[in-house]
Amino acid sequence: MSASTDLAARSGALECPSTEATVRLVVFVLLAFGCVVVYSTATGLPPVGGADPLGYVKKHVIFALASFVLMLAFSLVDYHQFLTDRVRWVTAGVTLALLGIVLLFPPINGARRWIHLGALSFQPSELAKLTVVLFLARFLSDRRERMGRFVDGFLPAAAIGCGVAALILLERDLGTPLLLLSVVSVMMLAAGVRLWHFLLLLPAAAPTVYVFVTSARFRLDRLKIFVDPWVDPQGAGYQVIQSLVAIHSGGWLGQGLGRGLQKHGYLPAHFTDFIFAVVAEELGFLGCLLVIGLFGVFLACGVKVVLRAPDLPGALLAAGIVASLGLQAILNIGVVTCLLPTKGIALPFVSVGGSSMLFTGAGVGLLLNIARQGAGDPSK
Amino acid sequence: MVSGIPSCRNAGREAHRLGADMDSETESSKSLEPAHFWARALLTGFAGSFLLLLGRLFYLQCWPDERLERLAARQHHQRVELPGRRGNIFDRRGRLLVTTLEGYSVYVDPAEVESLSFLIEELGDCLDLDVGRLREKLEGRSGARFVWIRRMVSEKEIRRLWDRMTESPGSESFRGVHLTPEMRRGYPMGNLAGQLLGFIGTDGRGLEGIEAHWDNELQGQDGYQVVQRDVRGRRVLLPGLSSMAPAPGHSLHLTLDATVQQIVEEQLAKAVAEYHPKGAWALATDPWTGDVLAMASEPAFDPARRGEYSEAELKRRCRNPVVADFFEPGSTLKPFIIAAGLSDGLIDIGSVFHCGNGVLHLGRRVLHDHHPYGRLTVAEILEKSSNVGTAQIGLRVGSDRMHAYLAHLGFGQRTGIDFPGEAEGILRPLSQWTDYSVPSLSIGQEISVTPVQMAMAFGAIANGGVLMRPRLVRRIVDAGGRVVRELPVRPVRQVYPAQVVRGGLTSALCGVVEEGTGTASHVEGYRIAGKTGTSQKLLAGGRGYSHSEHLASFVAFAPAEQPRLLVYLGVDEPRGAYYGGQVAAPYVGEILRQALTTLHVPPTTEVATR
Chain Z
1 MSASTDLAAR
11 SGALECPSTE
21 ATVRLVVFVL
31 LAFGCVVVYS
41 TATGLPPVGG
51 ADPLGYVKKH
61 VIFALASFVL
71 MLAFSLVDYH
81 QFLTDRVRWV
91 TAGVTLALLG
101 IVLLFPPING
111 ARRWIHLGAL
121 SFQPSELAKL
131 TVVLFLARFL
141 SDRRERMGRF
151 VDGFLPAAAI
161 GCGVAALILL
171 ERDLGTPLLL
181 LSVVSVMMLA
191 AGVRLWHFLL
201 LLPAAAPTVY
211 VFVTSARFRL
221 DRLKIFVDPW
231 VDPQGAGYQV
241 IQSLVAIHSG
251 GWLGQGLGRG
261 LQKHGYLPAH
271 FTDFIFAVVA
281 EELGFLGCLL
291 VIGLFGVFLA
301 CGVKVVLRAP
311 DLPGALLAAG
321 IVASLGLQAI
331 LNIGVVTCLL
341 PTKGIALPFV
351 SVGGSSMLFT
361 GAGVGLLLNI
371 ARQGAGDPSK
Chain A
1 MVSGIPSCRN
11 AGREAHRLGA
21 DMDSETESSK
31 SLEPAHFWAR
41 ALLTGFAGSF
51 LLLLGRLFYL
61 QCWPDERLER
71 LAARQHHQRV
81 ELPGRRGNIF
91 DRRGRLLVTT
101 LEGYSVYVDP
111 AEVESLSFLI
121 EELGDCLDLD
131 VGRLREKLEG
141 RSGARFVWIR
151 RMVSEKEIRR
161 LWDRMTESPG
171 SESFRGVHLT
181 PEMRRGYPMG
191 NLAGQLLGFI
201 GTDGRGLEGI
211 EAHWDNELQG
221 QDGYQVVQRD
231 VRGRRVLLPG
241 LSSMAPAPGH
251 SLHLTLDATV
261 QQIVEEQLAK
271 AVAEYHPKGA
281 WALATDPWTG
291 DVLAMASEPA
301 FDPARRGEYS
311 EAELKRRCRN
321 PVVADFFEPG
331 STLKPFIIAA
341 GLSDGLIDIG
351 SVFHCGNGVL
361 HLGRRVLHDH
371 HPYGRLTVAE
381 ILEKSSNVGT
391 AQIGLRVGSD
401 RMHAYLAHLG
411 FGQRTGIDFP
421 GEAEGILRPL
431 SQWTDYSVPS
441 LSIGQEISVT
451 PVQMAMAFGA
461 IANGGVLMRP
471 RLVRRIVDAG
481 GRVVRELPVR
491 PVRQVYPAQV
501 VRGGLTSALC
511 GVVEEGTGTA
521 SHVEGYRIAG
531 KTGTSQKLLA
541 GGRGYSHSEH
551 LASFVAFAPA
561 EQPRLLVYLG
571 VDEPRGAYYG
581 GQVAAPYVGE
591 ILRQALTTLH
601 VPPTTEVATR
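Residue numbers (my numbering), protein chains in the order written: chain Z, 1 to 380; chain A, 1 to 610.
Hints are supplied without guarantee of correctness; some may be wrong.
[What the hints assert, rightly or not] Each computed EDC-like pair below joins lysine to aspartate or glutamate, with the alpha-carbon atoms no more than 16 Å apart: (1) A:K137 - A:E122; (2) A:K30 - Z:D142; (3) A:K30 - Z:E145.
Everything labelled a hint here was simulated from the structure, so no lab data went into it.
Produce the complete structure using the sequences and hints provided.
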């Protein structure tokens, strides 16, 4: 694809920016917005151990830029390059290896999610989110004929998804596997798997989830707290209640950027998983509306990319990426507003977290490339 | 939503052919059908979820929720009281007696401590504390949240500690150590005039003495500031919260002279060491103004050490007998009876009375003198303190006039001294007097007076007949040094004509010191006018007098020609001796001798040269 055709395409659609341009703009705004909010959180209690209270902000800004550059770079590479056998087996192998290695590292807050190499840390589950989508896009489209069948259509795909999810589960992380399974399900459905096939799995899945939830005390607590956080406002319900305090303090217009108080040690994870509460406190309902609106535009564009994807692998890939980012946003905000039980899921583009930022950027880059190659009118 | 965004149908149309394993276009679009269906479903799901989230946010943010608001206010806002600095107290020469010290105190929250042994080592070093005692204080106290390490640490030490705390790597090792600003009353002159000055309670309000009586003036106006704080209680500096600056309290300038006070306290202590009495008290005044130059009592009270006293002890030591206690004055009342007779022209200082050889029959009662006297002049009656003689003069004055004079002298009424807890004393109304009242009152019985009443009344003899109102505070000054209020000298009334008391009466009182009962108070170089008093104490229940418990007292002023200082000293239940001239007079003499020197009063009589 050449630049001249791109230009021609643009001149032909003067009324409105292209999907690609819209996505690029929205992602840029979200990343920039994230940098501002993260900077604001720095006036609160900084993460422990850093000599420079602004250290993590600087890192975040660098990762945001890197994420955006990565997005632009990936959008220039034909996504089919990532669907070749060599690439997908290598990435799958690396992912599995890293998911194994991460279990050897000491846990942080009871979870083994990070690989530490000196000052750098890496979250393999973030990589897995992307590689599983890449792998399945090709895997599912290769078997498109068999997707309607349970044993050789549904089960192999489900096994891949469940296998990776189980590995991540070993890290003592419940949110990411659930997210992964949801994304895999969406992709399988999009590839033609019947909905009722999933119901056949339920008898097996329900006890597993039950055992896992009840095996760790904190998960059970989280669930109880989700039902009523005020049962234990100083203990298990603390984080959720502090989040609600932050959101409520925001009101319509917020306390003003930088003037929130909850980040001063009251709200745990105020610059990662609960950063949306800081947005709510400082920018109010209108700030939340802006963030959710931006995500809405992004997801609408993403779905349009799926609908216009030139081929099935592209459509599945796009669907996986969009489902992944959309679900992360919804789960994150759902947790922060106490609509969902607490689990560690970051808000894409905004939360601090290098791995998440980079793979999100790469994913959006793939999406942009599919958009670039897409053409078909979905209404046809 | 999808159709709302214009499609770019031409973009990259040829590019989709890049797929290596692509089927024909019709097959492709057929296999894409579920993808399109589920993509739309996904979008619908997203839209629904976002609407739900927005609804939830709207409910959370734009709806009042008292529980969340209360919690937010409770954890974010803190009203910090800014105490107004309490004023100083100065003596009449501007010497600081009481001040407010501002400093830091150190406490530890054991629950926050990370390394106790490190802390004990460092605190012991910085604050110069015994490590062993510190360990005792802190070990096994992890349940407590507050342990004082040291109050009011010196600036040098607090700086040393602060430097270590801020320099230590990570600053985590000093966690649990807190510095808090504190204000305390400081007493630069130690326990001098402690009882008079009084003290303040933990709430900063005056509880006793000057501190209590002048509390409103001394008290600073507390300010406050509403601050926002983080989870560790540290202030978050954001503007826009209400505050009010504190205002410092006023300072007092007393009439007290610290040097005279020191002299009086020393002599009282000596009297106590000599006679082991139940108590002793003294005050020194300026007879012309009613200014109290010194006021003290034993057992003394040290405001800085009040925490060490037991409750009963505290109560006893705080009570200021000079204003709060009253007793029968005994012979010290005689000069007033004689002055009454002189003023009314009933007697003359040279008039002669026959003292019945020490016995006077009054109905069924008999009045005795210590020594049998025959004919005595009025001056001699005073010198020898003859009960019989004074009673005869009293009878000549009569009950009406006697009561009038005593009432005019302020007996039976509060003097209005600016000090808490003043007693009225007892001067019974005329209607309750019996036939024996006049002779009894003449010798200082049937009447109870406070030392300050007596000092003021005697002052009227010293200054030419004018009863003064006593004064402890001369001036109130604000923190900037501007005078807020001057407290004037207040004459109450002219009780005796000036010439009556200046002439014969004063020389008669000088005779008491020169050749009468008060010779022990003689001071080289000055003429002293004084009167001894030895009163038997009333038995409990008021029936009769004790034969073993006495109040020995002596009141005197000097120089007699132009009095500058009046001293009244009493020793309550002395052991070994009990005459006022023996137990009290020598100390009064010594007080006068030293005080007149410090007040730069030139000698008025020739000092005998050898």
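So, going through the hints one by one against the coordinates:
no. : hint            : in the structure
1   : A:K137 - A:E122 : 15 Å, holds
2   : A:K30 - Z:D142  : 15 Å, holds
3   : A:K30 - Z:E145  : 11 Å, holds
Of the numbered hints given earlier, the model fails none.
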